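Asker: When you get a sec, could you build the whole thing from the sequences and use the hints?
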Amino acid sequence: ETGVTQSPTHLIKTRGQQVTLRCSSQSGHNTVSWYQQALGQGPQFIFQYYREEENGRGNFPPRFSGLQFPNYSSELNVNALELDDSALYLCASSSRGANYGYTFGSGTRLTVV
Amino acid sequence: AQSVTQLGSHVSVSEGALVLLRCNYSSSVPPYLFWYVQYPNQGLQLLLKYTTGATLVKGINGFEAEFKKSETSFHLTKPSAHMSDAAEYFCAVPPHTDKLIFGTGTRLQVFP
Numbered sequence: 001e002t003g004v005t006q007s008p009t010h011l012i013k014t015r016g017q018q019v020t021l022r023c024s025s026q027s028g029h030n031t032v033s034w035y036q037q038a039l040g041q042g043p044q045f046i047f048q049y050y051r052e053e054e055n056g057r058g059n060f061p062p063r064f065s066g067l068q069f070p071n072y073s074s075e076l077n078v079n080a081l082e083l084d085d086s087a088l089y090l091c092a093s094s095s096r097g098a099n100y101g102y103t104f105g106s107g108t109r110l111t112v113v
Numbered sequence: 001a002q003s004v005t006q007l008g009s010h011v012s013v014s015e016g017a018l019v020l021l022r023c024n025y026s027s028s029v030p031p032y033l034f035w036y037v038q039y040p041n042q043g044l045q046l047l048l049k050y051t052t053g054a055t056l057v058k059g060i061n062g063f064e065a066e067f068k069k070s071e072t073s074f075h076l077t078k079p080s081a082h083m084s085d086a087a088e089y090f091c092a093v094p095p096h097t098d099k100l101i102f103g104t105g106t107r108l109q110v111f112p
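In order, the protein sequences belong to chains P and C.
When the count follows the working numbering, it moves up by one through the first sequence with no breaks and lands on 113 for the last residue.
When the count follows the working numbering, it moves up by one through the second sequence with no breaks and lands on 112 for the last residue.
Don't read these hints as lab results, they were simulated from the structure.
These numbers come from a predicted model, not from an experiment.
Where is the CB? At the ideal position from N, CA and C, for every residue including glycine.
One or more of the hints may lead you astray.
Pair by pair, the computed Cβ-Cβ distance ranges are [what the hints assert, rightly or not]: (1) C/E66 to P/L11: 34 to 42 Å; (2) P/P70 to C/P79: 42 to 50 Å; (3) C/H10 to P/N59: 25 to 33 Å.
Answerer: Encoded structure:
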């Protein structure tokens, strides 16, 4: 079975721009979550999608938005990029929710200059 | 609210020595608990998880963790460290079914 794949692996954007990150969930997983990991910190929950609907959101502003598609892949969109958005963005998928753990992708390293 | 605290942001051991990484959780109800490992420039890999049942949980790469309700702890151990164990380790708890709350992480260094 394939795991969680994320693209691109690295990205450099200018402050004020918009960015879209992509994630393909593990086969059989219908739930996708996104996490932001700043340098030297633990991952912070952004939001989760289940069957194309957002069903949980962390403490992130509305300029962080997402989508889940019928094949359970997902996108994370960030508008009006700020320098503090520089981080590793991790996608995770699950078939049974957080209580049973997630499979994580390798992440997208976003640098905002 | 459920949370986890990892004591020690850095732990250094010699190859072959015991590894002990500490995690305490705050909850009135035995939670689900996880340990993840992150190698440099990679995502997170699940090491082991506690759901219900046996309090000693065995994971991958020779790691294990013991759930101790009386101490609200879920410390990660490995009897003999290997150079390849050098990584960042995160303890995590799911306060709800929609997310994981991670600790601040412990960086493990293994010296020859």
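Asker: With reference to the structure, classify each hint as holding or not holding.
Answerer: Results of checking the hints against the structure:
no. : hint                       : result
1   : C/E66 to P/L11: 34 to 42 Å : holds (41 Å)
2   : P/P70 to C/P79: 42 to 50 Å : holds (47 Å)
3   : C/H10 to P/N59: 25 to 33 Å : holds (27 Å)
Checked against the numbered hints listed earlier, the structure breaks none of them; every hint is satisfied.
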